[in-house]
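Novice: Which chain is which? The protein sequence lines are A and B, in order.
Per my numbering, the first sequence runs over residues 1 to 303.
Per my numbering, the second sequence runs over residues 1001 to 1287.
Some hints could be false.
Chain A regions said to be covered by chain B (calculated; three or more residues, Cβ under 8 Å) [what the hints assert, rightly or not]:
1) 74 to 85
2) 100 to 108
Anything over 10 Å on all C-beta distances counts as not near chain A; from chain B, calculated [stated by the list, open to error]:
3) Asp1003
4) Val1061
5) Arg1094
6) Ala1100
7) Ala1138
8) Leu1155
9) Leu1156
10) Leu1168
11) Phe1169
12) Leu1170
13) Arg1171
14) Val1173
15) Gly1178
16) Gly1221
17) His1284
Per label pair, the in silico range of CB-to-CB distance [to be verified]:
18) B:Phe1151 / A:Arg108: 39 to 45 Å
19) A:Asp179 / B:Gly1221: 49 to 55 Å
20) B:Leu1104 / A:Asp125: 51 to 57 Å
21) B:Ala1079 / A:Leu116: 51 to 57 Å
22) B:Glu1286 / A:Ala227: 49 to 55 Å
23) B:Gly1012 / A:Ala87: 56 to 62 Å
24) B:Ala1282 / A:Leu116: 29 to 35 Å
25) A:His28 / B:Ala1101: 27 to 33 Å
Everything labelled a hint here was simulated from the structure, so no lab data went into it.
From a predicted model like this one, the values you see are computed outputs, not experimental measurements.
All residues carry an ideal CB built from backbone N, CA and C; glycine is no exception.
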Amino acid sequence: MGDRVNAPLQVLPGAIRLAGLTLGYDRHPAVHHLDGTIPAGDMLAVVGPNGAGKSTLLKGLVGEIPCLDGAILRGVPREALAYLPQADEIDRSFPLSVLDLASMGLWRRAGAWRSLGRSRGAVLDALGSVGLSGFEERAIGTLSGGQFQRVLFARLILQDAAVILLDEPFTGIDARTVDDLVGLIGRWHAQGRTVVAALHDFAQVRAHFPRTLLIAREPVAWGPTAAVLTPQNLARAARLSEAWDEAAGVCARGHDHAPAHPDPAQAHGHERAHTHAHGHAHGHAHGHEHGHEQAGHRHGSAA
Amino acid sequence: MSDLLAPFLEFGFMRRALVGCLALSLSAPPLGVFLMLRRMSLMSEAMSHAILPGAAVGFLVAGLSLPAMTLGGLAAGLAVALLAGFVTRSTVLREDASLAAFYLISLAAGVLLVSLRGSQIDLLHILFGTVLALDDPALWLLGGISSLTLFALALLYRPLVMECVDPLFLRTVSRAGGPAHYAFLGLVVVNLVAGFQALGTLLAVGLMLLPAIAARFWARGLSGLIPVSMLVGALSSVIGLALSYRFDLPSGPAIVLAAGALYAVSLVAGPRGGLAWRLVRARHLEA
């Protein structure tokens, strides 16, 4: 543990670095010992089976849940993160217009009191670019699922964030809307924004996302999409996605005084995950050699 | 009409009662609108009961003294609001369950405390208010609370709406959600204390919720709901007070019943989902 205290972790501006990140609920990890860096301007798809920790990872990135272990180093201020949750908590019966909902994206510029009058043009433009011109005064409760998602994307446009996190943004959305929204995401990427999206549809990922992180609680593979979405990796992800074990013991990985893991099969899995983390660090030297060194150190001491 | 207004022209205590109730009608109904939209209607009911033991402690210490009972009620109401919020945020209980627990405890404690000292009459005064005996300090208090509420609502409006509609989004862009929520609960408590001067602890919430619920049948957006709710509150105050004078009824219940009658009218005749409008099926539009 001492090495972690002595070596302050660093991250390049604009990037987000995950260092031994473990996220979860009630001490049960849903994302387990994830190492890597999301460089500025990346367009990363997060894929994996149900319960693999995709949503958990995004919640952790935006700061919605605390880290159980490890750390997230954000090279961007927290206000520069925009987050579209999978299951939003939006009360659609609230008597609010489409224009009002989209205008929420202006919070960073307008805050609680500044007038929104001057920004009306920007809001109308944003609604227009998601194909909702003429819907300004409609109540949000009268929109269809696809239209509602378009409004939320208009809000994301207005947030003007450097990092945009999307949690399964296309679930239950028709093909035309998906095409429009994927086009929008591509434009964000072209503008140099970082986009991280949890997705289910491999065809979509292959077609539009240059890089992919495949997780099944454990990180399985992280890199160029074609190299990650291989049959071998997918089969391994399916094997790794185990059920929640109520009686799981305390994880000893990453601690100096680690006892040998009782389950040899799992220990094997650990080793592979770590080996992969090495490979990734070598492959993409985005200024995180430090973490690689540290992971190696910890790995060595635990094995 | 002149018959309705005659008692207000004739008697000072009726004018005082009206001024107090009108002040309350400006501040409480807008809060009721937010409570209704956040599905917290019953929560405000619980809070109004929570004020009772505080007022009762004030009563025990200083007798039927307005400042003592106000301060006591304020302290107890804020304590329960914060405790319930804290219990909700840190345990598995949902807010309605934790509030129900708190308000049952405090209602029982309040009634017990009042009956320790004091008569049945005192208990009735505390439970149902004394709107016809509002003195100068009480009017200042009502006016002050009303002004404070409107000012604070103007300041809080945007974060409060965002917290109602999309709390998760507000959490990701700002830390204003928590403070806005607690400030709103504080305003509810302060207005219930104000209402308790006029209508008593049991009915204080009546002038907060009934106008707001009635307004739902007349307006759709917040910019319509809030003024309509204020109007319904003011009308209920005038009608209730006039009727209570004319027929020698207790004034607090008369005001709340007037609001109830306006609600019933809205329920039937209101153009936004009123029952009568279901009978006529308007021709649908082209698109």
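Novice: State the violated hints by number, sorted upward, taking the hints as numbered earlier in the document.
Specialist: 8, 9, 10, 11, 12, 13, 14, 16, 18, 19, 21
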